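There are 2 protein chains.
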Amino acid sequence: MPALLKRIAFEVNGSLLEETNTITSESTDGHYISLRPLLHPTKEQTAFPFEWAFAGTNKDITVSKVSEDTVKEDFLFGFDSNKYLHIPNQHEGPVETYWKTIHNGVREETGEIFPMGKAQPGVKFMEMWQPIDFSKQDLVITDGSVTKGRSVTLKIDTAEYFGLIIVVGQWIQGFLSKKGQHSTEGLSFIRAFETSQGTVNTLVKYGSDFSKFPTLFDALSVGTVVDANGASWETLEAHY
Amino acid sequence: MPALLKRIAFEVNGSLLEETNTITSESTDGHYISLRPLLHPTKEQTAFPFEWAFAGTNKDITVSKVSEDTVKEDFLFGFDSNKYLHIPNQHEGPVETYWKTIHNGVREETGEIFPMGKAQPGVKFMEMWQPIDFSKQDLVITDGSVTKGRSVTLKIDTAEYFGLIIVVGQWIQGFLSKKGQHSTEGLSFIRAFETSQGTVNTLVKYGSDFSKFPTLFDALSVGTVVDANGASWETLEAHY
Numbered sequence: 000m001p002a003l004l005k006r007i008a009f010e011v012n013g014s015l016l017e018e019t020n021t022i023t024s025e026s027t028d029g030h031y032i033s034l035r036p037l038l039h040p041t042k043e044q045t046a047f048p049f050e051w052a053f054a055g056t057n058k059d060i061t062v063s064k065v066s067e068d069t070v071k072e073d074f075l076f077g078f079d080s081n082k083y084l085h086i087p088n089q090h091e092g093p094v095e096t097y098w099k100t101i102h103n104g105v106r107e108e109t110g111e112i113f114p115m116g117k118a119q120p121g122v123k124f125m126e127m128w129q130p131i132d133f134s135k136q137d138l139v140i141t142d143g144s145v146t147k148g149r150s151v152t153l154k155i156d157t158a159e160y161f162g163l164i165i166v167v168g169q170w171i172q173g174f175l176s177k178k179g180q181h182s183t184e185g186l187s188f189i190r191a192f193e194t195s196q197g198t199v200n201t202l203v204k205y206g207s208d209f210s211k212f213p214t215l216f217d218a219l220s221v222g223t224v225v226d227a228n229g230a231s232w233e234t235l236e237a238h239y
Numbered sequence: 000m001p002a003l004l005k006r007i008a009f010e011v012n013g014s015l016l017e018e019t020n021t022i023t024s025e026s027t028d029g030h031y032i033s034l035r036p037l038l039h040p041t042k043e044q045t046a047f048p049f050e051w052a053f054a055g056t057n058k059d060i061t062v063s064k065v066s067e068d069t070v071k072e073d074f075l076f077g078f079d080s081n082k083y084l085h086i087p088n089q090h091e092g093p094v095e096t097y098w099k100t101i102h103n104g105v106r107e108e109t110g111e112i113f114p115m116g117k118a119q120p121g122v123k124f125m126e127m128w129q130p131i132d133f134s135k136q137d138l139v140i141t142d143g144s145v146t147k148g149r150s151v152t153l154k155i156d157t158a159e160y161f162g163l164i165i166v167v168g169q170w171i172q173g174f175l176s177k178k179g180q181h182s183t184e185g186l187s188f189i190r191a192f193e194t195s196q197g198t199v200n201t202l203v204k205y206g207s208d209f210s211k212f213p214t215l216f217d218a219l220s221v222g223t224v225v226d227a228n229g230a231s232w233e234t235l236e237a238h239y
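Chains as they are written, first to last, in numbering that gives the first Met the number 0: chain S, 0 to 239; chain H, 0 to 239.
Simulated from the structure, these hints should not be mistaken for laboratory data.
As the structure is a computational prediction, the values presented were derived from the model and not from experiment.
We treat Cβ as the ideally placed atom computed from N, Cα and C, and that holds for glycine.
Don't take each hint at face value.
Said to hold, decoys possible - Simulated pairs of lysine-lysine, BS3-like, Cα-Cα distance not exceeding 25 Å:
1) S:K123 - H:K99
2) H:K154 - H:K5
3) H:K154 - H:K204
4) S:K135 - H:K135
5) H:K147 - H:K64
6) H:K117 - H:K58
7) H:K71 - H:K147
8) H:K99 - S:K99
9) S:K135 - H:K5
10) S:K71 - S:K58
11) S:K71 - S:K135
12) S:K82 - S:K123
13) H:K5 - S:K5
14) S:K5 - H:K135
15) S:K82 - S:K147
16) H:K64 - H:K99
17) H:K123 - S:K99
18) S:K204 - S:K42
19) H:K154 - H:K58
20) H:K99 - S:K5
21) H:K5 - H:K99
22) S:K178 - S:K58
23) S:K58 - S:K99
24) H:K123 - S:K123
25) H:K147 - H:K5
26) S:K99 - S:K5
27) S:K99 - H:K5
28) S:K204 - S:K135
29) S:K123 - S:K64
30) H:K135 - H:K5
Stated by the list, open to error - Partial list, derived from the structure: chain S residues whose beta carbon lies under 10 Å from chain H:
31) K5
32) V11
33) L15
34) E17
35) N20
36) E95
37) T96
38) K99
39) I101
40) M127
If we strip away everything but chain S, and leave its shape as in the complex, we get (with noise of 0.2 Å):
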């Protein structure tokens, strides 16, 4: 089933903070984006003003049932923005995580990482989620119940470009990466929200290769290939 994410806060060293606006699409199939967007960017972090940014399918992820109301996810991140740019001190292998769901929908993830390698000590984290209606462009709070909504995952892995875009319900999250750049000038993110109009309303919007994100979600099938500027995408899900 498809869920919309908003990371409440984010907890390290025991400290809790929230300096981005983050939110997660996960889709019925198991793909997932997460863009992490900062809510006050300094003038050095504009250029690029995002904590991070990972995406990948459901072969980047390994999901098992730990008891009634955990899950373990192993992140094995198809794109991981820090790893694409070049940026030390960031995890390394895949980050193991724990899930757990309390009454009111709310997912409470902990994990470690090992930004010095697993001989090191690690870093323990925690991270809120709280489910909100994807059929709404405010970020409304729900109990994550609802299950029905639209899951549309698209890919290009072409000798140009790498990326994702996932639909859940009326939202739109996007990464598009040039291969080899390894440089911000090859990230291009899109986060929108289509209206039942079909009016895309954008909410981030960032790099040269924005118009390469494609904008029409409906009527897909499995396999479908949907040009977007010259930019080839390949619908891995359509769930209407």
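Based on the hints, put chain H in the right spot on chain S.
Here is chain H on its own, set in the frame of chain S:
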């Protein structure tokens, strides 16, 4: 400034949970009410489907600034449903809490209660609060920066009744208790949303004296007395 806060999660003894749909109203003048109805009451709980409810005027709370992002709030509880119902294992004396606001407006409340008295070890807790848009009936996530809004508080303190009702924006929350009764039959609660057309959508309705809550909150002045089916409420605060 008025605020409406939705509790996202509650942590006690290291365990995260949320069994309620808790919303707290804070008025401009510092009066407060917190209604904590159970999400999934058991058969035994249906007679009184609340975890807790409390309220107070600004005389029943002491607020002091601790640092740039943190205030200390000592709750004295003008009204406390547990105390009213003579339920054991409640706090003794004021509850000292620390409220840290992070960049997205979310507030982390931490504190300790002493159910066995202060001579015995206390129980630490954490509550995570999300500011919500008090102009909308959907629980819309905001960063808490909207400071303008209707803030109206009425109090009743007669031979028969003790109660408080607070209106923040379009949201109404109130309690009414019969003096000396000390059973659930003596308690009434209201949570409601008033649309811009003036229709009142009742969200929580409890108690045999429900009809004794006032329903009109416009054009009041401090001191104005409002009658609600024989119950006389006095306006403590009226900001429009």
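Can K5 (chain S) be said to touch chain H, with a Cβ gap under 10 Å? Holds - the Cβ of K5 (chain S) comes within 10 Å of chain H, reaching about 6 Å at its closest.
For a C-alpha distance cap of 25 Å, please report whether K135 (chain H) and K5 (chain H) respect it. Given pair K135 (chain H), K5 (chain H) holds - Cα atoms ~13 Å apart, limit 25 Å.
Hold the hint about E95 (chain S) up to the distance rule: shortest CB distance to chain H must be less than 10 Å. violated, 19 Å
Holds or violated: K123 (chain H) with K99 (chain S), Cα cutoff 25 Å? Given that 25 Å is the threshold and the Cα spacing comes to 21 Å, the pair holds.
Taking 25 Å as the top limit, are the C-alpha atoms of K123 (chain S) and K99 (chain H) close enough? holds, 21 Å
For K123 (chain S) and K64 (chain S), compute the direct alpha-carbon distance and say whether it is at most 25 Å. holds, 21 Å
Would the hint linking K5 (chain H) and K5 (chain S) be met if the CA-CA limit is 25 Å? With Cα atoms ~15 Å apart, K5 (chain H) and K5 (chain S) stay inside 25 Å; holds.
Decide if the proposed pair is consistent with the structure: K82 (chain S) and K147 (chain S), CA atoms, cutoff 25 Å inclusive. violated, 34 Å
Quickly compare the C-alpha distance for K147 (chain H) and K64 (chain H) to 25 Å and report which way the hint goes. Roughly 22 Å between the alpha carbons, so the hint for K147 (chain H) and K64 (chain H) holds.
25 Å limit on alpha-carbon distance, applied to hinted pair K64 (chain H) and K99 (chain H): Roughly 10 Å separates the two Cα atoms, so the pair holds.
Take a quick look at whether K71 (chain S) and K58 (chain S) sit within 25 Å of each other, Cα to Cα. holds, 15 Å
Tell me if the interface restraint on E17 (chain S) is satisfied: Cβ within less than 10 Å of some Cβ in chain H. holds, 4 Å
In summary, the numbered hints that this structure violates are 11, 15, 32, 36, 37.
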